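Participant: So the chains spell out like this:
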Amino acid sequence: DAGITQSPRHKVTETGTPVTLRCHQTENHRYMYWYRQDPGHGLRLIHYSYGVKDTDKGEVSDGYSVSRSKTEDFLLTLESATSSQTSVYFCAISDAQGAKAFFGQGTRLTVV
Amino acid sequence: EDQVTQSPEALRLQEGESSSLNCSYTVSGLRGLFWYRQDPGKGPEFLFTLYSAGEEKEKERLKATLTKKESFLHITAPKPEDSATYLCAVQEGGGPGGYNKLIFGAGTRLAVHP
Chain A
1463 DAGITQSPRH KVTETGTPVT LRCHQTENHR YMYWYRQDPG HGLRLIHYSY
1513 GVKDTDKGEV SDGYSVSRSK TEDFLLTLES ATSSQTSVYF CAISDAQGAK
1563 AFFGQGTRLT VV
Chain B
433 EDQVTQSPEA LRLQEGESSS LNCSYTVSGL RGLFWYRQDP GKGPEFLFTL
483 YSAGEEKEKE RLKATLTKKE SFLHITAPKP EDSATYLCAV QEGGGPGGYN
533 KLIFGAGTRL AVHP
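So the sequences go chain by chain: A and B. First residue of the first sequence? That's 1463 in our numbering, and the numbers climb one at a time after it. First residue of the second sequence? That's 433 in our numbering, and the numbers climb one at a time after it.
The set of hints was computed from the structure by calculation and includes no laboratory data. Keep in mind the model is a prediction, meaning the values are calculated, not measured. Some hints could be false.
[Unchecked claim] Dumping the calculated DSSO-like pairs for lysine-lysine here, alpha-carbon to alpha-carbon at most 30 angstroms: (1) B:K501 to B:K489; (2) A:K1562 to B:K491; (3) B:K511 to B:K491; (4) A:K1519 to A:K1532; (5) B:K501 to A:K1519; (6) A:K1515 to B:K501; (7) A:K1515 to A:K1562; (8) A:K1562 to B:K501; (9) A:K1515 to B:K474; (10) B:K533 to A:K1519; (11) A:K1562 to A:K1532; (12) B:K501 to A:K1532; (13) B:K501 to A:K1473; (14) A:K1562 to B:K511; (15) B:K500 to A:K1519; (16) B:K489 to A:K1562; (17) B:K474 to A:K1519; (18) B:K474 to A:K1532; (19) A:K1515 to B:K533; (20) B:K500 to A:K1473; (21) B:K489 to A:K1473; (22) A:K1473 to A:K1532; (23) A:K1562 to B:K500; (24) B:K533 to A:K1532.
All chains should be built: construct the whole structure from the sequences, respecting the hints.
Facilitator: If you want it as structure tokens, here you go:
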């Protein structure tokens, strides 16, 4: 199994509070991604990184920010959580373009 | 608009009853098509990558095929342990940093009963 660890695995937070999710990899892969998965939808890309300090927006980036200060860590921050951000969040990594992505186990976030 | 559509949404099979899952796509500049398996409460697990029409890949009871408009995941003589959600994703190119956008379908939930 690819070395990807997401933390926390579960979190309940209140509307309006900031939340940070962490993805840690031990594979030294260049590319890292944050997705959200909701019933009836496919996995949707939030943000991705193509190197240290190199990030870009995905299709559902509003309300989210990311940072990557080290190759192994990719942080996803919800500045002010809303109920619409209740979801399961997955981190993924890949080592090259066109290469298969490996996914973490997911973080279930509930915003009440 | 680029789209990936999987059908059926859900499929119930008896053990040993072969069937196929469909993934149709409308993207420009296909770079690759990926199949993943996802078990409840877990992240997607990679199964196959297909790059060009006519290509086929096999793994145990699974066989993936690709045409210019769709891909099929054929399941031969399935067992209960094949029960999972199967996700299809297509990759198109042209993003910053050489990023190739990956677009996922909503998945097919497969249940195989003894």
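Participant: Out of the numbered hints, which ones does the structure contradict?
Facilitator: 6, 12, 13, 20 and 21
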